[in-house]
Amino acid sequence: MTTATRTLRLGTRASQLARTQSQAVADAITAASGLPVELVHISTEGDRSAAAIAQLGGTGVFVTAIRQALLEGTVDVAVHSYKDLPTAPEAGLVLAAVPPREDPRDALVARDGLTLGELPAGARVGTGAPRRVAQLRALGLGLDVVPIRGNVDTRMARVVPGDLDAVVLARAGLARLGRLGTITETLDPLQVLPAPAQGALAVECRVDDERTLEVLAALDDAATRACVLAERTTLAALEAGCSAPVAAYAELAEGDDGPELYLRASVTALDGSDGVRGSVTGPVGDAERLGREIAAELLDRGAAELVAASR
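Note that full-length UniProt numbering numbers the sequence shown so that position 110 is 110, with each residue one more than the last.
Simulated from the structure, these hints should not be mistaken for lab results. Even glycine gets a Cβ: it sits at the ideal position worked out from N, Cα and C. Hints may contain errors.
Pair by pair, the computed Cβ-Cβ distance ranges are [what the hints assert, rightly or not]: (1) Thr74 / Gln23: 15 to 21 angstroms; (2) Arg19 / Val146: 26 to 32 angstroms; (3) Pro283 / Leu71: 33 to 39 angstroms.
Use the sequences and the hints to build the structure in full.
Pasting the structure below:
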């Protein structure tokens with residue numbers, strides 16, 4: 001089979017959001033290379049269980065099965081929501097591309113068009129992430145924050161009509177599914193700081209698959225990769241998994257000597273009673289150093305105890 005006619009097999013979770021994200025990557029691959037791409041749906045542990053992610057062991061529950069299929073050669077490419085990936089690299093695989101990411105902020109979908117500040121004390125707000133639970137409680141608005149699971153539409157269906165007054169979701173997922181019209185407020189990172197790598201996709205292939213590596217290189221966005229590297233390095237240095245109440249958000253800003261990374265990070269107690277937050281700025285090429293630097297600052301101020309208490 002020649003390079004011009006081979007079909008790339010792309011492994012993805014079967015949820016509507018995962019399929020939508022993966023189809024966008026498949027279309028980008030075809031546009032860049034002319035290669036046809038076939039989506040291969042793979043069931044993961046996180047998809048098969050209704051238990052909380054932390055109870056399933058947290059890190060990797062949405063990616064392990066897909067990575068195994070990639071290593072076995074069942075698929076040629078894997079697409080993940082980047083924030084689901086463990087921070088440690090996987091032997092035999094390489095992060096071949098990080099496409100431009102969607103807006104990484106969180107979004108509120110509330111009854112009657114309400115914003116977060118307009119929700120009455122005692123309002124029931126659902127979210128699946130301990131990070132969001134902790135930060136929402138820390139705002140001191142008197143909200144009853146309820147842990148929930150399920151896909152985007154299942155979560156939103158609990159608002160109208162339902163047992164919740166609002167849900168908080170990643171804005172990126174709503175954008176990719178064409179649901180931006182349901183958002184009643186996009187949350188300011190000063191209130192709720194996003195998860196590391198939120199809104200970004202990770203495209204993996206086998207480290208020895210040079211042809212596919214070359215194809216996928218065209219999808220990589222250097223700015224997104226740098227921002228996410230800073231955020232994920234923070235997470236790794238804090239020794240916290242993707243289900244820990246850790247937030248990190250890097251943005252590109254124009255500095256005196258050219259583009260800079262502005263990185264913010266926080267760790268918050270699950271009950272919202274305590275937390276540490278910091279920020280750092282530096283050259284784009286120093287993304288890893290910046291992540292380690294801000295993590296060290298947070299650890300000096302008690303972040304390790306907050307992470308440990310969330311387990």
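Status of each hint after checking the structure:
In this structure, Thr74 and Gln23 meet the distance hint of 15 to 21 angstroms, their C-beta atoms being roughly 19 angstroms apart. Our hint of 26 to 32 angstroms for Arg19 and Val146 holds, since their Cβ atoms are close to 28 angstroms apart. Checked against the hint of 33 to 39 angstroms, the C-beta distance between Pro283 and Leu71 comes to roughly 35 angstroms, which is consistent with it.
Going through the hint list in order, the structure satisfies each hint without exception.
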